[in-house]
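Q: Order-wise, the sequence lines are chains C and Y.
The numbers in my numbering rise by one with no breaks, and the one at position 30 of the first sequence is 30.
The numbers in my numbering rise by one with no breaks, and the one at position 50 of the second sequence is 50.
Honestly, the hints are just simulated from the structure, not real lab data.
From a predicted model like this one, the values you see are computed outputs, not experimental measurements.
Cβ atoms here follow ideal geometry from the backbone N, Cα and C, with glycine treated the same way.
Accuracy of the hints is not assured; some may be wrong.
[To be verified] Examples of chain Y residues toward chain C, derived with CB under 7 Å: (1) Lys4; (2) Phe6; (3) Leu10; (4) Ala11; (5) Lys16; (6) Asn17; (7) Gly18; (8) Trp21; (9) Ala23; (10) Arg24; (11) Val27; (12) Ala28.
[Claimed, not checked] Calculated pairs, BS3-like style, for lysine-lysine (alpha carbon to alpha carbon, straight line, at most 30 Å): (13) Lys156/C <-> Lys129/C; (14) Lys4/Y <-> Lys156/C; (15) Lys220/C <-> Lys20/Y; (16) Lys4/Y <-> Lys94/C.
[Stated by the list, open to error] Simulated DEER-style distance windows between Cβ atoms: (17) Asp25/Y <-> Glu184/C: 28 to 38 Å; (18) Pro315/C <-> Met1/Y: 45 to 55 Å; (19) Met1/Y <-> Ala45/C: 45 to 55 Å; (20) Leu44/C <-> Asp25/Y: 34 to 44 Å; (21) Glu184/C <-> Arg19/Y: 17 to 27 Å; (22) Val60/C <-> Gly15/Y: 40 to 50 Å; (23) Asp25/Y <-> Glu21/C: 20 to 30 Å.
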Amino acid sequence: MPKRVLIVTNSEDLHADLVAERIAADYRPPFRLNLDEYPACYALACGFAGGRWEGWLRHVPADDALSLEEVGAVWMRKKAPFRFPSGPLAGQEKAHADAETNHILLGLLRSLDCYWMSHPDSLRGSAWKPEQMQRAARMGFAVPASFVTNIRSEVKGFRETAGHGLVFKALSNVMTAAAAVPPEERVAVGVPTTRIGEEHDDMLDAVAELPCFFQHYVPKRHELRATVIGDSLFAARIHSQDDPRTATDWRDMSAPIRYEAAELAPDVARRCLDFVRSYGLSFGALDLILTPGGEHVFLENNPVGQFLFVEQLVPELDMTGAVARCLVEGATGKRSAR
Amino acid sequence: MEKKTFAFRLAEERGKNGRKWQARDGVAVAGCTLVDPRGQYKQGFNHPDDWYYC
Chain C
1 MPKRVLIVTN SEDLHADLVA ERIAADYRPP FRLNLDEYPA CYALACGFAG GRWEGWLRHV
61 PADDALSLEE VGAVWMRKKA PFRFPSGPLA GQEKAHADAE TNHILLGLLR SLDCYWMSHP
121 DSLRGSAWKP EQMQRAARMG FAVPASFVTN IRSEVKGFRE TAGHGLVFKA LSNVMTAAAA
181 VPPEERVAVG VPTTRIGEEH DDMLDAVAEL PCFFQHYVPK RHELRATVIG DSLFAARIHS
241 QDDPRTATDW RDMSAPIRYE AAELAPDVAR RCLDFVRSYG LSFGALDLIL TPGGEHVFLE
301 NNPVGQFLFV EQLVPELDMT GAVARCLVEG ATGKRSAR
Chain Y
1 MEKKTFAFRL AEERGKNGRK WQARDGVAVA GCTLVDPRGQ YKQGFNHPDD WYYC
């Protein structure tokens, strides 16, 4: 049976739209599982017999069915809350429904013997930034001195050790968990990486509420987004220092800074590939700084990072095509399973 | 209500300065974010188990 690619994401994922088009053009249409429509718009029937799971998942509106044995590659993309046929559930019933749906779906997916971009175990294991830093340092990257504390005086002490000041960085969620509460309850819509100086001393008592992450600020010549897809590396130079809006955190896309294709030195490129592979990932988007002195400094790896914004600004970096090729090669047995 | 955490105090200060991330025309955004009709970043989907990472 010819295999198919399964894309697990949500209905608003533009990356999935474009990669799916490429897969359909080069191979056969992938099956898309939109979590924000699941289980409301999907029918599922799977049974365990003879030592394995068999069965199918059908997208009811499109009348498109996928059997488990047909899955040759899975692209684990973005998350979404589940949607149930009767509408929003509440309280304990919602908690149970979410947990049960999550367990059944992930349990079935994990039973698949196929190519993954990337396997849920690898995704979960690779997501923790403090661990990433230690691993990156072990692999030869420079990593900024960092500190976590809930003690005000310790923050000030750490700041005194920093030649160029400190930044505060939220490690879990740059948008301060805004989606976790109803819109009328939102009191903040995000905090980017922020330089912390003496002007913030008045609010430093607030670190007592929960440990916070601080890092030495690293002067930048420019920044790099190094995206690993399978065995390939796509590096973009981000001229973040050309505009004050992006000097500390380049994610404010309204600043018209330049993006260019970059070629990393072979040892740096090798390190990026090895870092991503060390988790068993087949994709990773690394954020690096190039210092004025020419040193590459590791900031973080995003195991399901966005790449379209880079490709749109640097069209020669055809990452959409690379992801599609990787998944098709995985589905057709030309790439190893993990 | 007074913000208790350092991140939220920073976010509050940022809000007073009117600074919000904005998208660039025709360009997708970075991170687990979407863009609202005014071209400003908003939070993307949040999963109860947080099993996907940006």
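Q: Work down the list of hints and note, for each, if the structure agrees.
A: Against the structure, the hints come out as follows:
no.: 1; hint: Lys4; in the structure: holds (5 Å)
no.: 2; hint: Phe6; in the structure: holds (4 Å)
no.: 3; hint: Leu10; in the structure: holds (5 Å)
no.: 4; hint: Ala11; in the structure: holds (4 Å)
no.: 5; hint: Lys16; in the structure: violated (12 Å)
no.: 6; hint: Asn17; in the structure: violated (11 Å)
no.: 7; hint: Gly18; in the structure: violated (12 Å)
no.: 8; hint: Trp21; in the structure: holds (4 Å)
no.: 9; hint: Ala23; in the structure: holds (5 Å)
no.: 10; hint: Arg24; in the structure: holds (4 Å)
no.: 11; hint: Val27; in the structure: holds (5 Å)
no.: 12; hint: Ala28; in the structure: holds (4 Å)
no.: 13; hint: Lys156/C <-> Lys129/C; in the structure: holds (23 Å)
no.: 14; hint: Lys4/Y <-> Lys156/C; in the structure: holds (19 Å)
no.: 15; hint: Lys220/C <-> Lys20/Y; in the structure: holds (23 Å)
no.: 16; hint: Lys4/Y <-> Lys94/C; in the structure: holds (29 Å)
no.: 17; hint: Asp25/Y <-> Glu184/C: 28 to 38 Å; in the structure: holds (30 Å)
no.: 18; hint: Pro315/C <-> Met1/Y: 45 to 55 Å; in the structure: holds (47 Å)
no.: 19; hint: Met1/Y <-> Ala45/C: 45 to 55 Å; in the structure: holds (49 Å)
no.: 20; hint: Leu44/C <-> Asp25/Y: 34 to 44 Å; in the structure: holds (40 Å)
no.: 21; hint: Glu184/C <-> Arg19/Y: 17 to 27 Å; in the structure: holds (23 Å)
no.: 22; hint: Val60/C <-> Gly15/Y: 40 to 50 Å; in the structure: holds (43 Å)
no.: 23; hint: Asp25/Y <-> Glu21/C: 20 to 30 Å; in the structure: holds (22 Å)
The structure does not agree with the numbered hints 5, 6 and 7 stated previously, though it agrees with the rest.
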